[in-house]
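Q: Turn these sequences into a full structure, and let the hints guide you.
4 protein chains.
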Amino acid sequence: MEISLDLIVRYAETDQMGIVHHSVYPIYFEAARVELMKAMGFPYNEMEMKGFYLPVIDLGVTYKNSAKFGDTVTVKAKINPFQGVRVRIDYEIMNGSSLLATGHTVHVFTGTDNRPCRPFTDFVDRIK
Amino acid sequence: MEISLDLIVRYAETDQMGIVHHSVYPIYFEAARVELMKAMGFPYNEMEMKGFYLPVIDLGVTYKNSAKFGDTVTVKAKINPFQGVRVRIDYEIMNGSSLLATGHTVHVFTGTDNRPCRPFTDFVDRIK
Amino acid sequence: MEISLDLIVRYAETDQMGIVHHSVYPIYFEAARVELMKAMGFPYNEMEMKGFYLPVIDLGVTYKNSAKFGDTVTVKAKINPFQGVRVRIDYEIMNGSSLLATGHTVHVFTGTDNRPCRPFTDFVDRIK
Amino acid sequence: MEISLDLIVRYAETDQMGIVHHSVYPIYFEAARVELMKAMGFPYNEMEMKGFYLPVIDLGVTYKNSAKFGDTVTVKAKINPFQGVRVRIDYEIMNGSSLLATGHTVHVFTGTDNRPCRPFTDFVDRIK
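Chains as they are written, first to last, in this note's numbering: chain G, 1 to 128; chain V, 1 to 128; chain H, 1 to 128; chain C, 1 to 128.
These are computed hints drawn from the structure, not numbers from a lab. There may be inaccurate statements among the hints.
Since the list can't tell identical chains apart, any single copy or any two copies may satisfy a pair.
Claimed, not checked - Dumping the calculated BS3-like pairs for lysine-lysine here, alpha-carbon to alpha-carbon at most 30 Å: (1) Lys-76 / Lys-50; (2) Lys-128 / Lys-50; (3) Lys-78 / Lys-50; (4) Lys-76 / Lys-128; (5) Lys-64 / Lys-50; (6) Lys-50 / Lys-68; (7) Lys-68 / Lys-78; (8) Lys-64 / Lys-38.
Fair warning: this is a prediction, and the values are worked out from it, not measured in the lab.
A: Following this line, the structure appears as structure tokens:
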């Protein structure tokens, strides 16, 4: 499953190099991931109300071109089949046809005790 | 009661004007407020574990000079006597002898139900 | 002149109280202000390329209800007639019919030397 | 060369899971990197005044344990020998003896034209 989300770069997201600060890209990834989970039928809000969390345990970003204030960027997020209890999501950030960055996050499901737990069967089924 | 806290301006806190973004000052205020509460004997952590929160209900900042990346800024926080159930804290941000900003926050105590509640007697006594 | 902008609250914008951190509201104001300037025919990008900046010299926010992760909030921004060289913008943040916050920012135009300067005649005329 | 920097976790850095948001770790890395560059005799400020920038082209973070509000965390940063024109820095974030995260950033030097350029000879020599 794959979705894409358009975001407008905020002034506050720039730094004194005149480009989007590199720590903002994981936030863009997250915004797309939230939409991805919603599109899959598992909105974060509902999951958390049921006592499930999906913390990030690994993050990678490769920066290829800078995003600038006012740009409309497109964030693509694609979920991969489970590797054990881990789920990996891959991302691309585009500005039109220009690739700004690629990246990934790896997640585990945890319960309210903060310990890893099995994902919902529904969720596993949906990814397959 | 009054405290002061030194902070080093982070690169991530700058924007493309080459100065600290204005939304960062409330975060500096908060860092000083946390130290103030600790110095008063009411650390946030302990208060929250007891089920009390201290959300901001009003914020004001007047910006006089820019903070820049790498500056060491001094944030002064001073608590005022209660006005009913509200507590007001005043702030100054200095870079050496240069005044960068003044500001204030107003807070109410709330319980876990998110509703305003009376502050601890100890707390009220301490401020007097 | 008045505009309104819809934003979806990001996970990264929440804090451990489970609500949007108060320092995020000025960023929402700014996002609406950017759209307001664009709608007035003076996009930030173009202004800055011409060597004009519009830093914030005063900020006020009154918090009435919390924004939560996933909420779609509407930010209204309204520009006021000039007071000398200063321009004031007023804001409201709504979640449906519920008022979350009100606020304002005050700005001066500055040149590349970081000193206040007269706004463009066009700009003054547009606000009248 | 290696340095370590102590930071106090800010309230604003937490999210509604009650832990430090994962996008904050790159900012902690950066704060340590700034101190590392200073300790090496190449402060960012001076480099940028000379027209050199050191943007991030790759970032990786592995999250092992959560940082919490009020924690004092220690960020270790260690610079590696050059790989061509790229410089890689490795990081560890500790809370006392508990490892919270490991990570790395990869950088290239760029000039004011935003294009990669050779690092200063001094800099290369210092790393050896």
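Q: Would you mind marking each hint as holding or not holding in the structure?
A: Evaluated hints:
no. : hint             : result
1   : Lys-76 / Lys-50  : within (27 Å within a copy, 34 Å between copies)
2   : Lys-128 / Lys-50 : within (23 Å within a copy, 44 Å between copies)
3   : Lys-78 / Lys-50  : within (24 Å within a copy, 41 Å between copies)
4   : Lys-76 / Lys-128 : within (19 Å within a copy, 40 Å between copies)
5   : Lys-64 / Lys-50  : between (39 Å within a copy, 24 Å between copies)
6   : Lys-50 / Lys-68  : between (38 Å within a copy, 17 Å between copies)
7   : Lys-68 / Lys-78  : both (24 Å within a copy, 26 Å between copies)
8   : Lys-64 / Lys-38  : both (29 Å within a copy, 27 Å between copies)
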